[in-house]
Every structure is written in structure tokens, then in C-alpha cells.
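Quick mapping for you: the protein sequence lines, in order, are chains F and A.
All residue numbers for the first sequence refer to this note's numbering, where the first residue is 141 and numbers rise by one.
All residue numbers for the second sequence refer to this note's numbering, where the first residue is 141 and numbers rise by one.
For the record, the hints were derived by calculation from the structure and aren't laboratory data.
Accuracy of the hints is not assured; some may be wrong.
Covered stretches of chain A, going by a simulated chain F footprint (3 or more residues, C-beta under 8 angstroms) [stated by the list, open to error]: (1) 240-252; (2) 267-278; (3) 298-311.
Just a sample of chain A residues kept apart from chain F, beta carbon distances all over 12 angstroms, derived [what the hints assert, rightly or not]: (4) P159; (5) P204; (6) E397; (7) L440; (8) S445; (9) A460.
On the chain A side, residues computed to face chain F include the following (Cβ under 7 angstroms) [unchecked claim]: (10) L149; (11) C151; (12) L153; (13) L189; (14) G195; (15) F207; (16) D210; (17) V213; (18) V256; (19) V286.
The structure presented is a predicted model; accordingly, all values stated were derived computationally and were not measured.
Ideal placement from N, C-alpha and C gives every residue a C-beta, glycine not left out.
Protein chains: 2
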Amino acid sequence: MNPANDFALQCPLPLRDYPVITMAHGGGGLLQHKLLENLFWPAFQNPLLAEEHDGAVAVLGDKPLAFTTDSYVVRPLFFPGGNIGTLAINGTVNDLCMCGARPKYLSAGFILEEGVSMETLWRIVQSMKSAAEESNVQIVTGDIKVVDKGKGDELYINTAGIGVVEAQALSPSRVQPGDAILLSGDVGRHGVAIMAVREGLDFETTIESDCAPLVEPVMKLIGSGVEVHCMRDLTRGGMATTLAEIARKSGFRIHIEEKAVSVAEGVRGACEMLGLDPLYVANEGRFVAFVAARDADRALSVLRSEPSCADASLCGSVLAENNPIVTLKNNIGSTRILDMLMGEQLPRIC
Amino acid sequence: MNPANDFALQCPLPLRDYPVITMAHGGGGLLQHKLLENLFWPAFQNPLLAEEHDGAVAVLGDKPLAFTTDSYVVRPLFFPGGNIGTLAINGTVNDLCMCGARPKYLSAGFILEEGVSMETLWRIVQSMKSAAEESNVQIVTGDIKVVDKGKGDELYINTAGIGVVEAQALSPSRVQPGDAILLSGDVGRHGVAIMAVREGLDFETTIESDCAPLVEPVMKLIGSGVEVHCMRDLTRGGMATTLAEIARKSGFRIHIEEKAVSVAEGVRGACEMLGLDPLYVANEGRFVAFVAARDADRALSVLRSEPSCADASLCGSVLAENNPIVTLKNNIGSTRILDMLMGEQLPRIC
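Required output: the full structure, derived from the provided sequences and hints.
Encoded structure:
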């Protein structure tokens, strides 16, 4: 059979509406979700992938392991609070944490553009070394490819990671009515830090990315005996998209109180200037945890005892309503629906 | 400290000789080796990485696991005998096999260039699905990033893989004098297949890549009880570079008989026309196995019983000589040294 006909016959309609890949297919929002749903998941289908989690949990031998990957294409390579190397370590470490796993081993694959300066590569690799040490993970295998000048953008990094699961299964399907939702800190800093550099914006104080490893707070939370049902880090698409995905997968309505969602003043100002909603802006060191209602206060104090989560808050709850949406009650008392990010808000944020 | 000074102070001299990355840094030869040796390995140092293997073997729980990664940047995306998707599955599957592991789980990270056709992506993903099924592996986690038009080359794929080790430790350090060296089939087909398409060469018969999974022959060899000391697939840099690396790491001289190294007639002709040495041309479905001398004949018949290795040969041996070089006795009886690939022979071959 002619492969072209094959495509026309088998390709589902939502894909044929987009004959080519657009930036929004990589934005972590609705269009990316459609691409996964219509192209990748049907092709690669298996029970582990069907969890649609940040990583897969599998039992090989006597221990459940978590396995995850991300490619990093952030622009610019260096930004206040980090660089592509720190992101590549912390991002994958954090995805393992979100599976309730203690990160152990990482792989690192580099796609270098011909002509990238050795010093740039050197500085990034040194940052990766420090970030790996901070989270006590080892980079045990790797790969280097070089592409012609004009076929890359200095460098792209892929990391994959393996961790040992220390928590009971964490999954949106374990989210239940009554669950309390904890937010680990203020939102929107990573996206705004990147945009500020890219657009050459000059604020009174530099806004730094929140890029940070989550190993300590997550392991402490799990070790405390709090009944955790689900955790997710708030990366591409921001807090709103992450919550919308969890609502969709759990089947229940999620309700958030805006007053419990902290946004730094500089971030709020920058978002107003740039026309962004901080709830949709990417973070690289923030997460939400869904915990049993009775454990909410204890979970909050465990989180707050970690310096990186000192501003953690109880930001909402899961309602006993079979309606997979997210609602936000704002500071003046009205309620709106938070949907998944449409289109592409901030390209190449990570 | 100023990071620029930091670089000048700490960067080892061999790197400072190359202020920017060149294509040869990705060629799998000597310059790539120097980059690993001077930049990556010192930064990420740990015992698993120090093995310098295609993958890392670690014990997590009661079973030793193999972990590996590769990024794929081959140009063109489609070539006789495969495409970037089949390469991305088989390449990582084969790296796990070379660790003596049965491949189980893969991750897949896509870097898509804005504007790449949905049909291209679709066809590649369908090939990945088939290749994964053939090797009985599951793609359990993944990631999609999109970069601006002109910042990629349609698409790049990274795969990482986990397998369960079923063999005794395989490593160049276990290679010993007297070991027999088995070659699983003819060499040079992948590189020539790619070059033929790229250069628009028209041969009487199309030369197809040898791209294929090695799970069956490798698992059969391991299961047969043959004492295997080391295995390596012959990818970038070809058979010569792979053997030179093993010689360097084992400390012993490796000797090869050219008459036992099969090169298809079309491949030989194309290599002469293109000025290539088939021993340095990349393969994607060939490997060498170092086995105890007493098991050589048995190992050879095990391999030959697999259709993909019907042309396997006993191509050389390890000499009792503390001289980490590779020598080749050619068909007219003279001997030459096979060194690691210098520079970049075939860019973006995988």
C-alpha cells in the first residue's frame, strides 16, 4: 500500500486538520494533548503509558521503578535562576519525584549545533554536575550528536531518569472528593524570568526562575505518612493546565481559591504588561499535592518546614461532583472555569 | 568568580584547542572521544559511567538493570531499509542487548521543527510502533517539544531504554588473551545506504541498511551457556573504531583477519567510489562478541542459526600482548593498524 494513502486512510481527523506541526503542538496545552491522544498514544498503547503521568512506574524485580524523559529546548540557554543544564537535571528529577520516586540515575543526550562555543557547553555541563550532586543523582549514560550549523539552536538536551518508588501509587485516578490540594509556593516565576530576558524587559528587581529540585520536600511529605493521592509539577501550561488534566482524568470537579495562590508582585506586574495569566505561566520548581482531607494541615506543615516550600498553601479541594472541570473563585468572589491552555503562550520555555 | 575566567582556568587544554563544536565532535571517532574524556566524564564521574559502555548496568532491588540513551539525527529521515523511527527503536534496543540485557521499556522524546508535515511524523511513529512490537518493548513515557522553523531539521528523536540483565557482566575489561572474536554479519551497509540516498547515487541494486534488532541472536547466545566476555554493536565509526575502543580499554592487542570480514559487493563498490573504508562505515544491526576460545565454534553455530546472523564469522582473536591496538591482516598477507576514526567520515548517520 502507498504510505501516503495509508496516512489518509488511517490518520484520525483531528490530525488532518493540521497538515503540519505548529509551535502550539509543543506548548503543553490542548493542541499537544490532541497530538498525543490521536497520534502517539494509539501507536504506542500500553497500560503504563495510559496513565498519562509525568513518568511511568513499572516493577522490574522486587522494586517498583519510575522512568521518565524530557527534552529541553529553552531559549535563551541562560536565564536568571538557571540555564538549560539545571533545567535538564531538575526537570527530570522532579518528574520522578511526582511519581513518588527517589531519583537515582539519569541519562543525558546532547544535540549540539556545529559552531556552538565550547565555553557555553562547558558552563552548562558544570551546572548539570552541580544540579545532579544537589539531588544526589548520577548521570550514568549519555550520547552526543552534532548537527549542521542552522539545523539546531546551539544545543538541545534530553535527559531520562530512573527512580525507586517510595510512595503508594500516585495517580489522578486516586484523586477523590474531599481531597485537599496543596500548592508548594508562588507561581509564574520561571515563565516570566524567561520572557523578561527574551523581550529585554527591565524590571526594578530581576525576576528569577523558580527552577529547583523537589526531592527534599517530596520525600519528606511521603515519609511523613500523609496519605498522598496525586502530585504534579506545574510546568508547561502552568497551574491551570495541570489541574485541568487532573480533573479530566479523575472525573471530579476541582475548586481553587485564588486568594490562596501566591504570585510575586514582580511576576504579577510583568504578566499584566505581557498580557499573560500567571496561572498559565510555566514553573520549574512548584507542584500541587492532592492529599486526604484529614491530613491537610499536617501535610501543609511538613511542606512549610522545607525552605523551598515555606510559602506552601492549601489552595483548594476536590468536590463531590462528577464534572471534570476546574473552577477558580477569584478575590472578589466570582467564579470562572480554568481550561487547558489553548495555543502556545510561551514557546520554548523549557 | 567570572564564569568566563572559570572556563579559562578549569577547561583542559585539548578542549581549548577547539573553541567551537565541529561536526567531528559528533562522529563517534577520536575527537568525540576527547570531548567525552575532557569535558563530560570528569564532570559526571561515577563508577557506572566509567565503564564507557553503550549503557550502564545498575542494581536497583534484586535485579541488575541496563540503562541507555541515544539521540537520532539521521539525514535523510527515510532511507532504504528503515527510517529515523526504526533506528531510534532498534538502536536503543541493541545498546541494551550489548549490556547482556533483555530490553523492556523505552522512553521517546521528540524535538519537532515547526512546519514538519503531520504525515512524516505519522509514518515515523507507525514505524516505531512496529519496531517496538518486533523487539517486544513498550514505549512507556515520552515528551514532545517544538522548535521554531530553521532551528531543527524536521525532527530529532531521543530514546532511552531499560532492560533486565541476563548475562554475566559484559565489559571490555573482561576481554582476555585468547578470546575469539565473532562478527555477526557483513559490514558497511547502513552507512552506504544513507550516503547513496544523500548523494543521489544510483547502483544496480539498492543497498539497504542493515538496521535490525539484535534481541534474538543475543539472547540465544547468552542463553546457550557460551562464556561471553564483551559485546558491542558497530555503529558510528564502524567496526574499526569499536575494536580500537575495546583494545584501548582491555589493554590487549586485537588481531583481525580481513578475509573473515564480509563486505557485500555493492557496498565495496560504493565505498571505492566514495573513498570510504567499509571497516569505518556505520552499521545498525551488526555486532562483535568476544567469547572464551573454547566456546568459539559453539558460539558461531548459535549465531548462524539466527536468520539475521546467517553470515556470522570468526573474524579474529585477542593476543597475549599488552599493546592496546588493533591489527588487520589483509587478503594479501600484510598487516596494518586500525586506529579510531579520525575526523568525521559520514555526518548524521544515525
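Hint check results:
1. Only residues whose beta carbon comes within less than 8 angstroms of a beta carbon in chain F count, and the region 240-252 of chain A has 8; three or more means the coverage holds.
2. Under a criterion of three residues with beta carbons nearer than 8 angstroms to beta carbons of chain F, the stated coverage of the region 267-278 of chain A is upheld, 4 such residues being counted.
3. Remark: the region 298-311 of chain A is confirmed as covered by chain F, as 4 of its residues place a Cβ nearer than 8 angstroms to a Cβ of that chain, reaching the required three.
4. Taking the minimum C-beta to C-beta distance to chain F, about 6 angstroms, the non-interface status of P159 of chain A is violated against the 12 angstroms cut.
5. Not every C-beta of chain F lies more than 12 angstroms from that of P204 of chain A, the closest at about 9 angstroms, which undercuts listing it as non-interface.
6. For E397 of chain A, the shortest C-beta to C-beta distance to chain F comes to about 32 angstroms, beyond the 12 angstroms cut-off, and the non-interface label holds.
7. Taking the minimum C-beta to C-beta distance to chain F, about 30 angstroms, the non-interface status of L440 of chain A holds against the 12 angstroms cut.
8. A cut-off of 12 angstroms between C-beta atoms confirms that S445 of chain A is not in contact with chain F; the least separation is 29 angstroms.
9. No Cβ of chain F comes within 12 angstroms of the Cβ of A460 of chain A; the nearest lies about 32 angstroms off, and the non-interface call holds.
10. Because the beta carbon of L149 of chain A sits about 11 angstroms from the nearest beta carbon in chain F, more than 7 angstroms, this interface hint is broken.
11. At about 6 angstroms, the closest approach between the beta carbon of C151 of chain A and any beta carbon in chain F falls short of 7 angstroms, and the interface hint on this residue holds.
12. With a least beta-carbon distance of about 12 angstroms to chain F, the hint placing L153 of chain A at the interface is violated under the 7 angstroms criterion.
13. Interface hint status for L189 of chain A: upheld, as the beta-carbon distance to the closest one in chain F is roughly 5 angstroms, under 7 angstroms.
14. A least Cβ separation of about 5 angstroms between G195 of chain A and chain F falls short of the 7 angstroms threshold, and the interface hint therefore holds.
15. Given the 7 angstroms rule on beta carbons, the hint for F207 of chain A holds: about 6 angstroms separates it from the nearest Cβ of chain F.
16. Hint status for D210 of chain A: holds, given a least beta-carbon distance of 5 angstroms to chain F, under 7 angstroms.
17. Below 7 angstroms, beta-carbon pairs count as interface contacts, and V213 of chain A has one with chain F at about 5 angstroms; its hint therefore holds.
18. Below 7 angstroms, beta-carbon pairs count as interface contacts, and V256 of chain A has one with chain F at about 5 angstroms; its hint therefore holds.
19. Hint on V286 of chain A holds. Least Cβ distance to chain F is approximately 3 angstroms, under the 7 angstroms limit.
The earlier numbered hints that this structure contradicts are 4, 5, 10, 12.
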